[in-house]
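Chemist: The lines below spell out each chain.
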Amino acid sequence: MHNNVNINVHHVTRVEGHGNIVVNVADGRIETLQWQVPEAPRFFEAMVRGRSYEDIQTVVSRICGICSITHSLASTKAVESALGLEVSEQTDKLRILMHYSEQLQSHILHVGYLAAPDFFGAPSVVPLVAIAADVVKTVVRVHRVANEWSDLLAGRTTHPVTLRPGGLTRIPTEKQLRQLKKTLKDTIPDLKVIADAVLSVAANIPSFERQTEYVSLKQTNPPAYSFYHGGVTSTDINGQVIPIERWHEVTNEYVCPQSTAKWTKWHRDCYAVGALARFNNNGELLSPMGKDAAKMFGLKRGCCNPFMNTVAQLVECFHVIEASIALIDELLTKGLKEEKVSSVAKAGKGVGCVEAPRGILFHEYEFDKNGSCVAADICIPTNQNHANIQKDFEKFLPEILGQSENEIRLKLEMLVRSYDPCISCSTHMLNVQFVR
Amino acid sequence: MDRLRVAIFDFACCEGCQLQVVNLEEEILDLVDAVNIVEWREAMSEQSREYDMAVIEGSITRPEDEKRLEIIRTRAKTLIALGACATIGGVNKLKNNFDLADVKRYVYGKSANMPHLDSAPTKAVDEVVKVDYKIHGCPIDRKEFTYVVRCLLMGKRPEIPEYPVCVECKAKGNPCLWDYGQVCLGPVIRAGCGARCPSSGFRCFGCRGYIDDPNVNAAKDVIERYHLTVDALKGKMVLFGSGQGPTNA
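Quick mapping for you: the protein sequence lines, in order, are chains A and B.
What the first sequence shows, in our numbering, is residues -1 to 434, in sequence order.
What the second sequence shows, in our numbering, is residues 13 to 261, in sequence order.
These aren't lab readings, by the way, just hints derived from the structure by calculation.
Mixed in with the good hints there might be a few duds.
Computed spacing ranges between beta-carbons, pair by pair [to be verified]:
id, chain 1, residue 1, chain 2, residue 2, range
1, A, R27, B, H128, 46 to 54 angstroms
2, B, S123, A, G333, 49 to 57 angstroms
3, B, D111, A, S86, 41 to 49 angstroms
4, A, Q401, B, R162, 18 to 26 angstroms
5, A, K332, B, S123, 47 to 55 angstroms
Here are the computed lysine-lysine pairs in the BS3-like style, where the Cα-Cα straight-line distance is at most 25 angstroms [what the hints assert, rightly or not]:
id, chain 1, residue 1, chain 2, residue 2
6, B, K142, B, K79
7, B, K122, B, K155
8, A, K338, A, K91
9, A, K298, A, K190
10, B, K79, B, K135
11, A, K389, A, K263
12, A, K335, B, K122
13, B, K142, B, K89
14, B, K135, B, K246
15, B, K122, A, K263
16, A, K135, A, K91
17, A, K180, A, K190
18, A, K179, A, K289
19, A, K367, B, K246
20, A, K135, B, K155
21, B, K142, B, K122
22, A, K335, A, K173
23, A, K190, A, K289
24, A, K338, B, K182
25, B, K232, B, K246
26, A, K344, B, K155
27, B, K184, A, K338
28, A, K173, B, K184
29, B, K182, B, K246
Just so you know, these numbers come straight off a predicted model, no measurement behind them.
The beta carbon of each residue, even a glycine, is placed where N, CA and C say it ideally should be.
Based on the sequences and whatever the hints tell you, model everything.
Modeler: This is how it looks when you write it as structure tokens:
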């Protein structure tokens, strides 16, 4: 047991945005243990006021570069709900297909580039090229597939330019969809290579557990492992579903002095969102290959080891590919047709809720009769994880206090990374500081 | 010869431009061979204070960030502003159109005056320090990024287009979005993106900034021809271009 530990990780690396970890242990007593978010606040909710409903997506997509498609979809759904716009079944399916591309892109980025170096004991993916060149190249290849897939549906990889309230500005051709289906099928063996590589170092995943509440979307009609439709559920409400319009009852946001991002709580003093939350709530609805991948890693519903979130992401990669292939088949069977998109300004208020790769996301807007935004409220997934990360720290640190300062720092950083935080989203974050 | 030491830093932004560097996919392996990346927080744990080239992503929104940027400038021989937040302030500048106290109160409510939530008016990087090169766009174009890096490695000055997006859009044979009732900023915005948005049927919203000498009269003619208002155009221009002057490449 170390009597004195001082860790001050200023700006944790390999996460999206800026976060700090501050640990101060004196005479074996933990004096300071904080997960801090010092990211520069950007005030999106205030900035969109006065903007046309047509421009909301263009602005709020910029909340996050990694999950710009998710923010774009959530905001577009909210705008459509406010204006009473219905979209066609074809638009709905193409948007879901676009959304899947981002889940794969973001998950592979996290599993392969950001988290994997920890499992292999490397400071970044760059030296990993020397250790495991083939696996790194496989990761790069799958990442490229996901990005080209986003390009096809969203007009480009980051910050989509095909979404308009009421529909899409451009749709792919049937030939392009057939090619995409083939590419996705060809990607399955690559995903297996990545899964095997992660499995080979799975012993380095800490076996830490802490009971908490897991919150995600849940779709019941028809039942599906949902990223896009449905209501809000949690492991604390026995499969009950809350309509997304009541999202404030879920998030209960508050400002905390150690963070420029707001924190949230529901039935406990914290809750978790993300791939593990989705798995814990909807795991029985995974595609067959998704279920196989979960079995391979011994991932079972009710898992409360936050480090397993990275594995749950890998499991979702298989699911997303399989679900997309089925979706493409449905689209091709019906045949694609050009659809006219039009919308008219109208007063109203609407909520949009989708699952970002890193957890559930809420957007809400109100417009006046000219379609000008008068109010906005956004709650992003990483905010919803901040309190949970802090509570994890409080249980985890005493369990690892006997290890070296370096080990402790690495494990705390790994814990933060396992949530795949998107701190630009929540404002921005990551940095560990051991105070000296 | 020692490889060029490059450090990548991010300020207030979505980090989507850094992501475009990751999105070079296989090419990024060539890039890390050609230059020595010594600091890149989003992708690496390694850190360094010695670098030849600093790449700055994001806008500057707090006094402490201005100081950090000034220190980076003193250490770097060459400084590149990466993406719209850095080159023109980007969407972050929308905030400057409001009273700052109101903006803070709107987002953080009663807690708005807590010191850690402080924020100053948004600045582009060249409003704080000297910028040697700008890579425009939101997000940046990956090909333009590698082009600029290649030029600099060869000691050449990169050529960034000084004509509007319409030129590239016409060359692609796209139908004009004004004909479809969209207020498109193509006539006044710097090309180099390959007219990516209008090619997807989405109006140009100006992420690459105004060309140095925009033909304002031509833009007015277009507005009149399509019976649209100057206010509608200004409303679109404000998205990425609030308070923006010429954007010398």
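Chemist: State for each hint whether it applies.
Modeler: Against the structure, the hints:
Distance hint for R27 (chain A) and H128 (chain B): a CB-CB separation of about 26 angstroms, inconsistent with the stated range 46 to 54 angstroms. Range check, S123 (chain B) to G333 (chain A): Cβ separation about 54 angstroms, and the 49 to 57 angstroms hint holds. Roughly 42 angstroms separates the CB atoms of D111 (chain B) and S86 (chain A), a value that falls within the hinted 41 to 49 angstroms. Distance hint for Q401 (chain A) and R162 (chain B): a CB-CB separation of about 46 angstroms, inconsistent with the stated range 18 to 26 angstroms.
Taking the beta carbon of each, K332 (chain A) and S123 (chain B) are about 51 angstroms apart, inside 47 to 55 angstroms as hinted. About 14 angstroms separates the Cα atoms of K142 (chain B) and K79 (chain B), which keeps this hinted pair within 25 angstroms; it holds. For the hint linking K122 (chain B) to K155 (chain B), the alpha-carbon distance of about 46 angstroms lies beyond 25 angstroms, and the restraint is violated. The hinted pair formed by K338 (chain A) and K91 (chain A) meets the criterion: a straight-line CA distance of about 16 angstroms does not exceed 25 angstroms.
For the suggested pair K298 (chain A) and K190 (chain A), the alpha carbons sit about 19 angstroms apart, so the restraint of at most 25 angstroms is met. The straight-line distance between the Cα atoms of K79 (chain B) and K135 (chain B) is roughly 13 angstroms, inside the 25 angstroms bound, and the hint therefore holds. A hinted pair counts as satisfied when its Cα atoms are at most 25 angstroms apart, and K389 (chain A) with K263 (chain A) qualifies at roughly 12 angstroms. Distance restraint check for K335 (chain A) and K122 (chain B): the Cα-Cα separation of roughly 51 angstroms exceeds the 25 angstroms cut-off, and the hinted pair is therefore not satisfied.
A distance of roughly 11 angstroms separates the Cα atoms of K142 (chain B) and K89 (chain B); the hinted pair therefore holds under the 25 angstroms criterion. Restraint check for K135 (chain B) and K246 (chain B): the C-alpha separation of about 20 angstroms stays at or below 25 angstroms, so the hint holds. Under the criterion of a C-alpha separation no larger than 25 angstroms, the hint pairing K122 (chain B) with K263 (chain A) is consistent with the structure, at around 19 angstroms. Restraint check for K135 (chain A) and K91 (chain A): not satisfied, since their Cα atoms lie roughly 31 angstroms apart, outside the 25 angstroms limit.
Between K180 (chain A) and K190 (chain A) the CA atoms are separated by roughly 17 angstroms; this keeps the pair inside 25 angstroms, and the hint holds. Taking the CA atoms of K179 (chain A) and K289 (chain A), the gap is about 21 angstroms. The hint holds against a cut of 25 angstroms. Our distance criterion of 25 angstroms between C-alpha atoms is met by K367 (chain A) and K246 (chain B), whose separation comes to about 20 angstroms. For the hint linking K135 (chain A) to K155 (chain B), the alpha-carbon distance of about 20 angstroms falls within 25 angstroms, and the restraint holds.
A C-alpha spacing of about 38 angstroms is found between K142 (chain B) and K122 (chain B), which places the hinted pair above 25 angstroms, so the restraint is violated. Simply put, K335 (chain A) and K173 (chain A) have alpha-carbon atoms about 13 angstroms apart, close enough for the 25 angstroms limit, and the pair holds. Taking the CA atoms of K190 (chain A) and K289 (chain A), the gap is about 13 angstroms. The hint holds against a cut of 25 angstroms. Distance hint between K338 (chain A) and K182 (chain B) is fulfilled; the C-alpha atoms sit about 23 angstroms from each other, no more than 25 angstroms.
Between K232 (chain B) and K246 (chain B) the alpha-carbon distance is near 11 angstroms, which keeps this suggested pair within the 25 angstroms criterion. As the CA atoms of K344 (chain A) and K155 (chain B) are separated by approximately 41 angstroms, the hinted pair breaks the 25 angstroms bound. A distance of roughly 23 angstroms separates the Cα atoms of K184 (chain B) and K338 (chain A); the hinted pair therefore holds under the 25 angstroms criterion. Under the criterion of a C-alpha separation no larger than 25 angstroms, the hint pairing K173 (chain A) with K184 (chain B) is consistent with the structure, at around 21 angstroms.
Restraint check for K182 (chain B) and K246 (chain B): the C-alpha separation of about 23 angstroms stays at or below 25 angstroms, so the hint holds.
Going through the hint list in order, the structure does not satisfy hints 1, 4, 7, 12, 16, 21 and 26.
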